[in-house]
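Listed here are the chains, written in short residue letters.
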Amino acid sequence: MSAAAPTSPLERGTKSSRTLAWVLLAVGLVWTLVPLVWMLSSSLKSKADVTSGTPKFLFAPTLDNYRNLFSGANDLTPYLTHSILAGGVSAVLAVALGALAGYGLSRTRMRGRRHLSFWIISTRMAPIAAVVLPLFLIFRQLDLIDSVFGLVLAYLTFDLPFAIWLMSAFFADVPPSLEESALVAGCSRWQAFYRVVLPLTKAGLVTTFVLCLVFAWNDYAFALVFSGPNSQTLPIAASQLVTQTGIDWGQLCAIGTFVVVPMMLAGLAVRRWLVTGLTLGAVTGE
Amino acid sequence: MSDTLTDVSEKSASRTGRRQPRLAFEGRLMAPGVILLAALSIVPFLAIIWMNFSQVRLLGGVATSWVGLDNWARFFSDLDMAANWLRTGAFFVLTVGLEMVGGVVLALCLWRVVRGRNLVLSLLLLPMFVAPVVVGLLGRFLTDSTFGLYAWLLRGTGYTGDILGGKYSAFAAVVAMDVWEWTPLIALITLAGLSSVPLSVREAASIDGASGAQSLRHIVLPSISNVLLVALLIRSMDAIRYFDIIWVTTNGGPADATKTVPVRLYETAFRFFDLGYAATIGLVMLAVSIAIARIFVRLLDQKGLTR
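If you read the sequences in order, they're chains A and B. The first sequence begins at 1 in this note's numbering and counts up one residue at a time. The second sequence begins at 1001 in this note's numbering and counts up one residue at a time.
One should not assume that every hint holds.
Said to hold, decoys possible - Residues from chain A that keep clear of chain B, each with C-beta distances beyond 10 Å, as calculated: (1) N68; (2) D75; (3) A182; (4) C187; (5) G256.
Claimed, not checked - Covered, in the sense of this in silico footprint (three residues per stretch, anywhere, with C-beta under 8 Å from a C-beta of chain A), are these stretches of chain B: (6) 1037-1044; (7) 1050-1058; (8) 1074-1085; (9) 1116-1129; (10) 1146-1157; (11) 1162-1174; (12) 1282-1295.
Just so you know, the hints here were simulated from the structure itself, not pulled from any lab data. We put the CB at the ideal spot given by N, CA and C, even for glycine.
With the hints as constraints, model all of the structure from the sequences given.
Structure below.
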């Protein structure tokens, strides 16, 4: 995927085909970026400019919408705290347990390994709605509704299988001979794993963490059912701005920008490994 | 437990010849994650099976009463349910189809251009990281009949209706939102596949006189078919459970025009608190997605793509 690949005349193509490619890409970029640019610009507009009948392309920017996020009756701080805690803790747990289990899975020769991996991946692919339902009853019995810990557990239902499978794909790329020579050099199995193999999968650990964080941070379905005043997250805060009486779209665009930008930056930071990550290692990026 | 595990690994060690018995160590590493995952998946699975034979009441603590196959009888005689499944199928075909076509076209274009590829790719990928709830709300904002940007643009072409208020336009709008969010993923995966097509193969084809279209049809597309398969199946798994955007934008309306199975399940469970029947819907969804996951793993196995 590197851009600086050596190019032959063939790679560059004919002039007209390149022009066509750029035209199509321009269309794709407009389709992709207009909603995002519009959200960003509307978040900087005054109320009158946002609700103007003809769209305002030129306007006097104001930070009022962002300021209002952290003042007044609908202070965003608790939502932000819940999001960071629930998303962060579940991502850290998923990466830690996922690295251990993923390594075991990638190296084991145990019979039934295929069944085990299929079971792991199938829990990831289970429909969210079908998971939410029984968890709701169980959480009610265990008094876990409206707690950040409950959300962490709920997020682990999709983050943990993802992390195990993804880390095992990253570990599979590390040649087993490395551990074998570490063992010969006198390391214990644990030391060989911890000191030799794990540092080689730093990219995998970071990618897994970022993707788990993005999934949990963006979750709406679980938070909608399991959270209450003590655990509501940012997506819930955004959806709560939609009321019967009317929607403060400027404010909504500000929340949207605020929710989305950190995840975009995190996602782009691990772009090189995104293909591996989002296909669970079935396609390697390079 | 550990005895049998060692036993198994010794057998396989003798099969592979040179490996040390490893499972005891590997089993210990796997245990915490696998046990937690089992608790988080098997317990709910048993619960949902039990729920679908019951009527569940939530007032004053959870109480259930056994109703046998009532929920299933209802499921198979529910005409609305059949409509929900048909709609889910239509969503599935439209979103996945449009995303595949759009993603492959974008990837082929990106592959053609060399200068600026990374920047363009990064910009194209941005929608993937947008929370679905924000996609839905932003969609409502853009299509708002009084001040939405897209509604305004459509007025220029003579369309004056309320986009999310019309049956077909609302359906089209939620499809478009999913396509907007996930086409980049297909482009990204396809581009990775394209980059792995050896240059020499294409050069040889070109020397033999293949035109651009011929080379695309006979060299490039066959060599990325595996990658396209992965992309298709990954999107398929997500498309069946497509929920957030619909819930936020139309809530299944207008007149059920966007009510897919997950939306119906949510509504049954958490608006009407009919949890037993919702569990039945959930079990069927689970069965459908496990069937698709099986196909996924089997196809990848055949192509030697799983490890």
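Handout entry: Hints not upheld, ascending by number
Key = The structure conflicts with hints 5, 8 and 11, although it agrees with all the remaining ones.
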